[in-house]
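A.B. asks: Below are the chains, spelled out letter by letter.
Protein chains: 2
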Amino acid sequence: MYATSLVCRTCGAVYPLENRYSCDSCGGILEITYNYDNAFAEDPVRKPDCELSGMWKYRALLPVKEKKNIVTLGEGDTPLIGADRIAAAWGCDLRMMVKAEMMTPTGSFKDRPTTVGVSVAKEKGYQKIVVASSGNASASASAYAARAGMDCVVFVPDTTDINKVVQAQSYGANVIKVRGNYSRSYDMAKLCAARYDWANVTSTFINPYTVEGDKTPAYELFHQLKGQVPDYILIPIGTGPLLVGTYKGYEEMLRMGLIDRLPAMIGVQVKQCEPITRAYEAGSEKVDGWQEQIKTAAGGISDPLLGYEGDGELTLSVVKKSGGMMISLTEEEILESTQAVETKLGLYCEPTGAVSVGAVRKLWNMGLLREGALTVSYTTGHGFKYSGRHPKEPPLIDDAAQLDRLMR
Amino acid sequence: MYATSLVCRTCGAVYPLENRYSCDSCGGILEITYNYDNAFAEDPVRKPDCELSGMWKYRALLPVKEKKNIVTLGEGDTPLIGADRIAAAWGCDLRMMVKAEMMTPTGSFKDRPTTVGVSVAKEKGYQKIVVASSGNASASASAYAARAGMDCVVFVPDTTDINKVVQAQSYGANVIKVRGNYSRSYDMAKLCAARYDWANVTSTFINPYTVEGDKTPAYELFHQLKGQVPDYILIPIGTGPLLVGTYKGYEEMLRMGLIDRLPAMIGVQVKQCEPITRAYEAGSEKVDGWQEQIKTAAGGISDPLLGYEGDGELTLSVVKKSGGMMISLTEEEILESTQAVETKLGLYCEPTGAVSVGAVRKLWNMGLLREGALTVSYTTGHGFKYSGRHPKEPPLIDDAAQLDRLMR
Numbered sequence: 001m002y003a004t005s006l007v008c009r010t011c012g013a014v015y016p017l018e019n020r021y022s023c024d025s026c027g028g029i030l031e032i033t034y035n036y037d038n039a040f041a042e043d044p045v046r047k048p049d050c051e052l053s054g055m056w057k058y059r060a061l062l063p064v065k066e067k068k069n070i071v072t073l074g075e076g077d078t079p080l081i082g083a084d085r086i087a088a089a090w091g092c093d094l095r096m097m098v099k100a101e102m103m104t105p106t107g108s109f110k111d112r113p114t115t116v117g118v119s120v121a122k123e124k125g126y127q128k129i130v131v132a133s134s135g136n137a138s139a140s141a142s143a144y145a146a147r148a149g150m151d152c153v154v155f156v157p158d159t160t161d162i163n164k165v166v167q168a169q170s171y172g173a174n175v176i177k178v179r180g181n182y183s184r185s186y187d188m189a190k191l192c193a194a195r196y197d198w199a200n201v202t203s204t205f206i207n208p209y210t211v212e213g214d215k216t217p218a219y220e221l222f223h224q225l226k227g228q229v230p231d232y233i234l235i236p237i238g239t240g241p242l243l244v245g246t247y248k249g250y251e252e253m254l255r256m257g258l259i260d261r262l263p264a265m266i267g268v269q270v271k272q273c274e275p276i277t278r279a280y281e282a283g284s285e286k287v288d289g290w291q292e293q294i295k296t297a298a299g300g301i302s303d304p305l306l307g308y309e310g311d312g313e314l315t316l317s318v319v320k321k322s323g324g325m326m327i328s329l330t331e332e333e334i335l336e337s338t339q340a341v342e343t344k345l346g347l348y349c350e351p352t353g354a355v356s357v358g359a360v361r362k363l364w365n366m367g368l369l370r371e372g373a374l375t376v377s378y379t380t381g382h383g384f385k386y387s388g389r390h391p392k393e394p395p396l397i398d399d400a401a402q403l404d405r406l407m408r
Numbered sequence: 001m002y003a004t005s006l007v008c009r010t011c012g013a014v015y016p017l018e019n020r021y022s023c024d025s026c027g028g029i030l031e032i033t034y035n036y037d038n039a040f041a042e043d044p045v046r047k048p049d050c051e052l053s054g055m056w057k058y059r060a061l062l063p064v065k066e067k068k069n070i071v072t073l074g075e076g077d078t079p080l081i082g083a084d085r086i087a088a089a090w091g092c093d094l095r096m097m098v099k100a101e102m103m104t105p106t107g108s109f110k111d112r113p114t115t116v117g118v119s120v121a122k123e124k125g126y127q128k129i130v131v132a133s134s135g136n137a138s139a140s141a142s143a144y145a146a147r148a149g150m151d152c153v154v155f156v157p158d159t160t161d162i163n164k165v166v167q168a169q170s171y172g173a174n175v176i177k178v179r180g181n182y183s184r185s186y187d188m189a190k191l192c193a194a195r196y197d198w199a200n201v202t203s204t205f206i207n208p209y210t211v212e213g214d215k216t217p218a219y220e221l222f223h224q225l226k227g228q229v230p231d232y233i234l235i236p237i238g239t240g241p242l243l244v245g246t247y248k249g250y251e252e253m254l255r256m257g258l259i260d261r262l263p264a265m266i267g268v269q270v271k272q273c274e275p276i277t278r279a280y281e282a283g284s285e286k287v288d289g290w291q292e293q294i295k296t297a298a299g300g301i302s303d304p305l306l307g308y309e310g311d312g313e314l315t316l317s318v319v320k321k322s323g324g325m326m327i328s329l330t331e332e333e334i335l336e337s338t339q340a341v342e343t344k345l346g347l348y349c350e351p352t353g354a355v356s357v358g359a360v361r362k363l364w365n366m367g368l369l370r371e372g373a374l375t376v377s378y379t380t381g382h383g384f385k386y387s388g389r390h391p392k393e394p395p396l397i398d399d400a401a402q403l404d405r406l407m408r
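Which chain is which? The protein sequence lines are R and L, in order. In terms of my numbering, the first sequence opens at residue 1 and continues consecutively. In terms of my numbering, the second sequence opens at residue 1 and continues consecutively.
Extracted from the complex, chain R is given alone in its bound form (with noise of 0.2 Å):
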């Protein structure tokens, strides 16, 4: 294993890589750093571990000692497929592409980060696993700890789609209400590891392990456009870790000297909650925690991140810097978002994972986007997710004389 050390992204502080979810002296965002040296000298991207498959192929930038600690489901190898219809539906003159993050074993993207961080706490000896989540993350960790063996706790915002639920108790999990927003029942599975000495997966900053699952996408895009680096990479944003991990994975590349640019990290919100939009538009590095009302269909995105607006922060540091931005979608430009990727692409989506393709449009619109330039938008949630559909009652026929007349 190359990784050495979680630095604080605050003060710099260094600690060993031990269960560990802030820094002591300033509270910070811990990240994990390699050896990059030895790490980079086995060419670990362009000639990947072919012993294992997925994401784990790239574990040498992976946190993890050893193989046989590896908790996986065959995440990670996620299509990239060619949007040219929707594009030409919208008249953007832009080679359009969309990452497929749902079609991963348990539904969404969070299985890239759970994957990372269920195997660091069994290979550190845990037995339980506590997760934070609104939906996604909780069905992922659930997973990934029915899969090791291991016990978990799920907290979920008491108004959480009973779906979801659905999902997570299946895999054996014990699920929690917790009243409240999400940072309730984000504050309780902190509360729970610091109490019981849980492993918390909380896929937000606060594991740092989980983050580095988050880079992988980058990886495999090297590979899916031979090389290439999208102009502007698109990322459905509730905390963020998904974008953040995806430019750490193209900081690493360029350090390696595999790419010679890195790409502009665009974040997508929604109106109904944007508290890093709000912050991006008003020129601000400060995020506020988001305190009014809520109501989306894009419920995987709605983070308030009260109680831990740093996360928002550390986000829009990224995509500032990468040279990208953020943008809000209105609940109209979401739907039609959803619709465009099942309908055109044929990949059935949740409206929270759509909202990175209904983007490109809004800032196509704006002029915002380079004539002719490459976006990949990352689709988040497969469309089973969605509780909020609504079936179309399918015409009854009983023979041919009928069929007849409905095709008229």
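One thing to keep in mind: the hints can contain errors.
One copy or two, either will do: identical chains are not told apart, so a pair holds if it fits within one copy or between any two.
Stated by the list, open to error - The list that follows gives simulated cross-link-like pairs (lysine-lysine, DSBU-like), each with its CA atoms no further than 30 Å apart:
1. 190 to 295
2. 392 to 177
3. 320 to 286
4. 47 to 286
5. 392 to 128
6. 47 to 226
7. 128 to 190
8. 392 to 190
9. 226 to 321
10. 226 to 248
11. 362 to 321
12. 190 to 271
13. 248 to 286
14. 67 to 226
15. 392 to 271
16. 47 to 68
17. 124 to 47
18. 190 to 124
19. 47 to 67
20. 392 to 286
The set of hints was computed from the structure by calculation and includes no laboratory data.
Fit chain L to the supplied structure of chain R, relying on the hints for placement.
C.D. replies: Relative to the frame of chain R, chain L by itself:
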């Protein structure tokens, strides 16, 4: 392309590679043949076309001429996962593995036959697709039609789970209910294809192209098992193309000299609808269509075969030729299997897809599997597909004191 012609499996009549659904002379089931000498010269399994991803890497053994006609959503390369914990819990002295065929774009194995059927239809200039399906194949056909920009009509039995209709409708398909069981929808799709010249991609044996997609798990298993051949491959069976296709893939690899023996193929049905198992147990080569009422959690394989009993006979003949067997599970065994796959393996699975795992236990307890054998069970549909789950209302807490009481 190395595919050369359509050959009748019954009388051997040969036809060009047109859109043909049965033999003119005898009504028999058609099969694609290849110029195998030329195809094998490419070493197409060991050295697949890595310009393509997923199952299309093996395109030398698939019946599509031009790459540009491939309609893909990134299907294939499904994970192979060790099920040691299930084997241990069940006391089976076996090396149990699971091929996670639910990890596909639309959530079921049907994407393998569909991608081939829709690609061939596109190559032949069709603009419209028709499919009959009790659920999974309808979602799959709708998705690939959307991807290709083609129209899609879906015929479903009037009892079909509304959630499966929602998925097909979301992709933009025109869903039509047909009164009666699946066989009635099947007839309507045939009629529609004949009357309006739409491409019928129904994933029984009616479309000979689709079945070729079902060969591809065999090629993947060759790589995943480093050349080892499973002793038993267990597959949930409605009609059986996935079993027949997988076996054909293995036969091709035997001819190529990549392997030196073939797996025994085990077809798994359910007591509530087991036309093929009944024939197997009666020692008959003749399959009778299922006339009884059906009530099962495994709706995806409840195929009465009424009117196309020959499909079941083809599957039965392959099972016997391979030295395999047919087995059926009770409803209790189906649910037990599903729970094992979910809680011990971490794979969310519809009951239909889990029967191949429960069948291992049943056959082991009957003394019908060799000690120490390698079994591979295909789990063919995602847990999201099943609407018969009942969430348990989770406990609700407000604060740390309540958490403590709950954890005690």
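A.B. asks: Evaluate each hint against the coordinates.
C.D. replies: Each hint tested on the structure:
no.: 1; hint: 190 to 295; in the structure: within (26 Å within a copy, 46 Å between copies)
no.: 2; hint: 392 to 177; in the structure: between (33 Å within a copy, 12 Å between copies)
no.: 3; hint: 320 to 286; in the structure: within (13 Å within a copy, 69 Å between copies)
no.: 4; hint: 47 to 286; in the structure: neither (40 Å within a copy, 53 Å between copies)
no.: 5; hint: 392 to 128; in the structure: between (44 Å within a copy, 21 Å between copies)
no.: 6; hint: 47 to 226; in the structure: both (14 Å within a copy, 19 Å between copies)
no.: 7; hint: 128 to 190; in the structure: within (14 Å within a copy, 54 Å between copies)
no.: 8; hint: 392 to 190; in the structure: between (43 Å within a copy, 24 Å between copies)
no.: 9; hint: 226 to 321; in the structure: within (25 Å within a copy, 45 Å between copies)
no.: 10; hint: 226 to 248; in the structure: within (19 Å within a copy, 34 Å between copies)
no.: 11; hint: 362 to 321; in the structure: within (22 Å within a copy, 59 Å between copies)
no.: 12; hint: 190 to 271; in the structure: within (28 Å within a copy, 48 Å between copies)
no.: 13; hint: 248 to 286; in the structure: within (22 Å within a copy, 62 Å between copies)
no.: 14; hint: 67 to 226; in the structure: both (28 Å within a copy, 18 Å between copies)
no.: 15; hint: 392 to 271; in the structure: within (28 Å within a copy, 33 Å between copies)
no.: 16; hint: 47 to 68; in the structure: both (21 Å within a copy, 29 Å between copies)
no.: 17; hint: 124 to 47; in the structure: within (28 Å within a copy, 40 Å between copies)
no.: 18; hint: 190 to 124; in the structure: within (18 Å within a copy, 59 Å between copies)
no.: 19; hint: 47 to 67; in the structure: both (17 Å within a copy, 27 Å between copies)
no.: 20; hint: 392 to 286; in the structure: neither (45 Å within a copy, 41 Å between copies)
In terms of the numbered hints stated before, the structure departs from hints 4 and 20, listed from lowest to highest.
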